[in-house]
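Asker: Read off the chains here:
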Amino acid sequence: MLKVTNLHAGIAGREILRGIDLSIDAGQVHAIMGPNGSGKSTLARVLAGHPEYVVTAGEVVFDGQDLLSMDPESRARAGVFMAFQYPVEIPGVNNAYFLKAALNALRAHRGEEPLDAMDFMVLVRDRMKQLGMDETLLNRPVNEGFSGGEKKRNEIFQMAVLEPRLAILDETDSGLDIDALKVVANGVNAMRRPDRASLLVTHYQRLLDYVVPDVVHVLADGRIVRSGGKELALELEEKGYGWLPAYAEASARPANAPDARGRG
Amino acid sequence: MATTFDWGAAEWERAQQRGGGGALARMREDAWGRFVSRGFPTTRDEEWRFTGVGPIAEGAFALAPPLSSGDGVDDHRVPDVAAELVFVNGRYVPALSRIDALPQAVRIGSLASSMTITPDVVTRHLSRIAPSESQPFVALNTAFLHDGAFIELPAGAIVERPIHLLFLTTPQVRLKADTPTVMTHPRVLVILGANSQASIVETYAGPPGTDYFTNTVAEIVVGDNAVLSHVKLQYEGADAFHVGATHVHVQRSGTYVSNAINLGGGLARNDIAVVLRGEGVDCTLNGLYCADADRLVDNHTTIDHANPHCGSREIYKGILADRARGVFNGKIIVRPDAQKTDAKQTNRALLLSEDARINTKPQLEIFANDVKCTHGAAVGQLDEEALFYVRSRGLSDVDARHLLIRAFASDVVNRVPIDAVRSSVEGRLYRQLSRILPSAA
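Line by line, the protein sequences are chains P and D.
Read in order, the letters of the first sequence are residues 1 to 264 in my numbering.
Read in order, the letters of the second sequence are residues 265 to 705 in my numbering.
Isolated chain D, as found in the complex (with noise of 0.2 Å):
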């Protein structure tokens, strides 16, 4: 049932003035028929059970402005990449990227003009992957779609440093009480041909104070025999709204690895959908999200298991303070053909507060007969026992508690691949520990 939308048509319009014809007008007219006809998802839709998106659906978002430069961008770098991507406000701007030398036929560029320079190579892929069919916030992208990152690598292409994409949201000051805030509908296209292999950072990022709307999808496609490691680091301000699509599909062989990092967002909802689509598929899904205040971080997961011989491993671990809501619904499906599939997904989280909750809901779906399928959840608190010990050595309360804190979410942190990635996500963590305990002994 749709839900007050009466900001969104006239936005919409304005949007298609901003270009991009032909194949892309009637996509994002299609996208934007189906948005309107379904409307927003309510926690009638199953899949939005736990997250009201009320506060979106009734909010009154303008498109972000463009700006040249962007506050913070020196404090989101990663260094020693490939090619670092900056977006701001939902725009590419040259001016803060920069690409390498890449291996030839390599494309990595901005998807408004490479859909401008090569159409048809963009459009082949575009919105194949993510369906917008189903979900309502990919049918919302696809209608504003205008800007993003687009990835191209072909056949035996090895980019061995990282690929960073960071969006960052720099929204204006708010002159009246009424003046809408910005939002942004990034879109990410990521096509890695067979053998090759990349290693791909996605970053949002946004100042706190501002209820500002991300609502971002990649569509990624992983080739036979290719190899892609992905993090999205996920930093917004701590009143933004966040929403985010990521769909994957795994050809014959090919690896994905996925590491989830939800440090931020006052909502954040992050759907990871990942169709292992031959034989040989291994797929990982690493996931760390920790909140406080009355912040809300919502993680969806499928891994559609279609195909023998595919191996999965999940493990998803969340920090709730306060009266921070966490919300995991891993869906695991194995279908008929999918033979000696080996998954295996474990959910923990920890609880700070007794206003904190979780809603944890795994969700196995298993059609064939030979198979090996585990899952284990775990919902609790800091152990006594184990503040006890540490505390008898001399470290204070506070102290120990960050001390088993950051032993919980370790295992997840300790995988994050690159250094200077790994750096920023422990030290953004501990930061948002220190905020959570009180400071005093």
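Chain P extracted, bound-state conformation (with noise of 0.2 Å):
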């Protein structure tokens, strides 16, 4: 479904991937963990298209398309998602009327019709119920006022109306109290369908008790330095990634340098 090749790509003239290889079949849920500042979230944002980062050389195919040719809206529309690690706040836009406004732009796409108020409520209903997910939270402004929990929460939740055939999570279970770390669980253990696929970018083994990776790779200094199956996260938390040999000269850098500043 997914074929990163060679994949190098930086922002503001710094390299951060240095050269990416990395297959996802459909059916499959790969988790890519790391060390701060090793390029995990770069590599997210890079699959979604952040116009920020430029790619450098490398190809990423996915479902046959050149992915890096494509807009962020294209790839949204082709079923790419991806679940931010920090949700952006937009006041004055009510949740449920966003969420309607994607869910129908990628109808559109794949040539549907638009879903009228009381459909679109009746998947709604059912997804937060799925989820175990507060009401309240859609007629709020799009992340406006969330604590980092409901923000988390409600791009799973956004995931799940939205189905996409892949899910790419940045860091969605970092700060979560254990209730909405099995919202993140549950969401991504609903999308597990032959037909789809996730990556989950972590910093933490915790949600890898909740959802059970097929692929674990470990991301250092740009690069997949080790790719194993799921016992693969349970030494790293037993081990850390002290053992990394890129990992002294990441952590020699100063914490508060630009290029630690959590980009992953």
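What the hints contain is simulated information worked out from the structure, not anything from laboratory work.
C-beta atoms are modelled at their ideal positions from N, C-alpha and C, and glycine is treated no differently.
Just to be clear, a hint being listed does not mean it is correct.
[As the list claims (entries may be wrong)] Okay, the calculated beta carbon distance ranges per label pair:
1. Asn189(P) x Asp683(D): 38 to 46 Å
2. Gly149(P) x Lys608(D): 29 to 37 Å
3. Arg392(D) x Gly148(P): 55 to 63 Å
[What the hints assert, rightly or not] Derived, one-sided and incomplete: chain D residues facing chain P with beta-carbon distance under 10 Å:
4. Asp647
5. Tyr653
6. Leu667
7. Leu668
Both chains come to you apart, so use the hints to assemble them.
Answerer: Here's what the structure looks like:
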């Protein structure tokens, strides 16, 4: 479904990804782990098409299409969804209105009729129930005044309604209490179908207690340095990242340097 | 310093033939004298620093001919009103207007006829609230004063449904290039007695493609404990000149809420000046403007806290595209006696192009010591991260920009009272945005 080959990318003239190779098949859940500054979030944002990042080499093929040549909305319409690490607040736009506009944009792309308000509410209520979410979230402005956990839940809720073929979760599990973490896990597990795939970018092994990945990758200094089964996550939990050859170099950078700003 | 005004004198002489003698004739003559000696403002005047009115001063305008019908009246009607007064080319047209049964002693009608029927009532207030002395365009309006709207609510009268004043300019086709285009000088006088309540909507509209000139003045008195909701919709044609001044006196415990929507005009200047003349007054000024191409929108507001325990809230938002220019000047005066004043002002502008410009100036003049006054001004572009967020959910770049701009405007739009009026503002703003943002995704 997704094939990343020798991907090099960076921001503001600084290279962050230095040759990523990654292949995800339909039906699979992959986890990408790694220390701060390793390039995890950059990979997620490059795949979603963030305009600030510049791809300098490599290729990404999604369902036979050249993903890198597509603008962000075309990627979304092709079925790529990224849950943001820091979801954006949009005061003045009702959450339900926004989601309906997004869903109908995707439906229009597939040549389907737009959902009317009634059908939309039926779908939305079903997904909220499935995720155990509070309905009052619907009538608030997008992410405005949401707690950190509410924002992450809202991302998962959007994912559940938009039903992407490839879901990329950019540290959606960070900073969550156990209830919210379970919502995220439920959302990902509900996505688990033979025709869909997920890429979980995570800093902590905890999410993987609830979502069992097919493949775990370790990212360090812009490269995948190890890949393995779910047991690799447990090993990382136990040993940390200290054994990574690149880690010593990465951790030697001052913590407040711009490149250590949690872009991951 | 006086600017060229060759066309004015002849037109003024001609205007005097339209009648209305006695006190009114003297008022016009005084105002004309004041205007001539002072002339049009220039950019050397502090109040007009960023807005050159050369195109008006050097233009040649003739008084708009009276017409009994107007193009597009129906486009601007407000449903379910207590009264709708329609003015075409500055003159009241009874056949297009309607006035429903009103509570006793409520007066709503044209200023011209009110000056004939009840001259003493009108002249008691007329030209007492808007200062001709310091404001050249007010003087010019008074010099040409002939018609407009007169609304008077006696003490305790409640008119719940809106009163709509529609001022439509329908310039005649210009046969020759040197035929002057038209001007109107409508005047609105609103007197709310103690404990009364009204909701007034003013609409100014006209066709694009002609550089007509509207110079309007509204004088408003909100009596003790009275409540006025006031909406001004400036929907003039994109090439028109619109200069408007709204002067308001609010008495003890009165409430004045203004929604000033400026979506039209090639050069639009709006002054709102509110004097809080008693304790416990509550004043709210909401404003929204949007301009593209080479258009200019200038908003000047003054809230004069002359008494203690008054509150004022002001929020102005502007959207500027292409080479459009915006001016915002928000003056808040807190006089020495006005202790416990609570004043808050916010103005924000969204610039959609590199060539769009805004000159924004909050101006707080505080002479009392126990007050709470805050102001915030922000100018910016659309947030790139928000744009990416919306696009990453499948909305096109253009749709995402639409969404975010509408969101920016929403807190002012949502405050507009009367559902039909709010829908009209939304519709007009969205159509304007569709023109500004390229339709191709």
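Asker: Confirm or reject each hint.
Answerer: Each hint, compared with the structure:
At roughly 45 Å, the beta-carbon separation of asparagine 189(P) and aspartate 683(D) lies within the given 38 to 46 Å, and the hint holds. Our hint of 29 to 37 Å for glycine 149(P) and lysine 608(D) holds, since their Cβ atoms are close to 32 Å apart. For the pair arginine 392(D) and glycine 148(P), the supplied restraint of 55 to 63 Å holds, since their beta-carbon distance comes to about 58 Å. For aspartate 647(D), the shortest C-beta to C-beta distance to chain P is roughly 7 Å, which falls under 10 Å, so the interface hint holds.
Taking 10 Å as the C-beta contact cut-off toward chain P, the hint placing tyrosine 653(D) at the interface holds, the least distance being around 4 Å. Taking 10 Å as the C-beta contact cut-off toward chain P, the hint placing leucine 667(D) at the interface holds, the least distance being around 6 Å. Annotation: leucine 668(D) was flagged as interfacial toward chain P, and the flag holds, the nearest CB pair being 7 Å apart, inside 10 Å.
Violated hints are absent here; each numbered hint is respected by the structure.
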